[in-house]
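Enquirer: I would like the entire structure built from these sequences, with the hints used as guidance.
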Amino acid sequence: MPSPGLLTSVLLSTFVLISNAPTITASAAGVAGGHYYSFPDLSGSYCVGKTPPIVLTDRSRKDTFNNDTTASRQILLRVYYPTARKPGSQSCIGDAYATPGYASWISSFLGGDVTASYFQKFRTHSVTGAPLEYTEKHGKLPPLLLYSHGFGVPAKLNQAMVEDVASHGYIIALMEHPWDSAYTEFPDGRVVGFAPLLAAQPPGYTPVTARAVEVRAADVLFALSSIKNGKVKIGGQDLSCLADRVGMFGHSLGGQLSLVAMLQTNKIIAGSNMDGWFWNGANATNLTNPADADCHRPYINLRADPTLLPDFLRHAGGGPENEIDAMKAQTGPKVQPIIANSSHYSFTDLTQLSIPALDAKMTKETAAFQGWIATVNPRRMHKINAEYHSWFFDITMKEKYHLQAINRGLHYPEVTFEDIY
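In case it helps, mature numbering (1 follows the signal peptide of the UniProt record, and there is no 0) puts the sequence shown at residues -21 to -1, 1 to 400.
It should be emphasised that the hints constitute simulated quantities derived from the structure, not laboratory data.
Here a beta-carbon is modelled for each residue, glycine too, at the ideal position from N, C-alpha and C.
A hint or two may mislead.
Taking lysine-lysine pairs in the BS3-like style, the calculated list, with each CA pair at most 30 Å apart, reads [claimed, not checked]:
#1 LYS119 <-> LYS65
#2 LYS119 <-> LYS207
#3 LYS212 <-> LYS377
Label pairs and their in silico Cβ distance ranges [claimed, not checked]:
#4 ALA75 <-> THR310: 44 to 52 Å
#5 THR244 <-> GLU112: 16 to 24 Å
#6 ARG64 <-> CYS220: 22 to 30 Å
#7 LYS212 <-> LYS377: 16 to 24 Å
#8 THR49 <-> PRO79: 25 to 33 Å
#9 VAL187 <-> ALA63: 40 to 48 Å
Expert: Okay, structure coming up:
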């Protein structure tokens, strides 16, 4: 790997090169038998496949938050990966966004203004069981990335981002951390909600929520060992050869977890955090506020507009100053973009699901909805977020340092960069 100084220059050059970025508008498509909406078209060269959910049981750990305190810890992985090349300018049509159970949950979550059937008609760009296809390096598998969802946020609310990065030629293991999510659906039909112990905690970090970070950190290490031991496959394709060199990204607590995990294992060579805050105060640990810990590896820290910081973060010991301290402690290549007019949940599927569904019921101008995703153009937000991640991982995981990769950089007027040096 090139020196940190060289790689930092490449990263900064990539993210600040000036070009005109077109405004992205919502689009709808029709299929036989009805009308449906979908995520923004994939920006990569591949369509995307995915595995069914894979349940991994860690018999060395009891599940801290399970209602059954004798139960071993379980996590779920769903692996997304490149499949056939995109058919020209056409979209890659995938599976329905939601199972009936999840559709009912998200309809209720949004106040019942949008029916569950809408979310079952909404389409993703990934197809379960599609064959793995990758032509960039003959005979080699794509690089492996891990993804972790936010605290209490269902992993399913992160599909648009995961699919788009996978379309650039990546295998992505989307981790689900049961009991630390409002909705986790197991293959056998079991549904697990947010653990009562966690749901009862006040805003901020208590000893209980700090424990949730430790549980997640152990989940990451267990996922890596399971992949290394051949327990995670795409069809019959073993992924064990990829487990010693991976990237990691995530949203909110899942983004914070990427740095936490990098401090625990050198197998994660590059990390990204989407608006995950670090914490101070009596309950903070080296996991919840690693301000003095240096992972010495490439890291990108994308932040929402700090003027739109949610109240639960503003008044609970999390904030920009802690994050800046944590980033300043990093001596590896790093960059911290801030996306104006975005909020904490602008990084999730809520921005994309809202486009057609909430036009009449709950628009961007509605105060309640604005608190979730703010006023940033949803499709533009997705474009910025997806492009930054594909560039970052192309540079760090595929080592594309040549001019062509750098020239893919775009400058967006709504993106500024924090001084973290």
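Enquirer: Which hint numbers doesn't this structure obey?
Expert: Violated: hint 5 alone.
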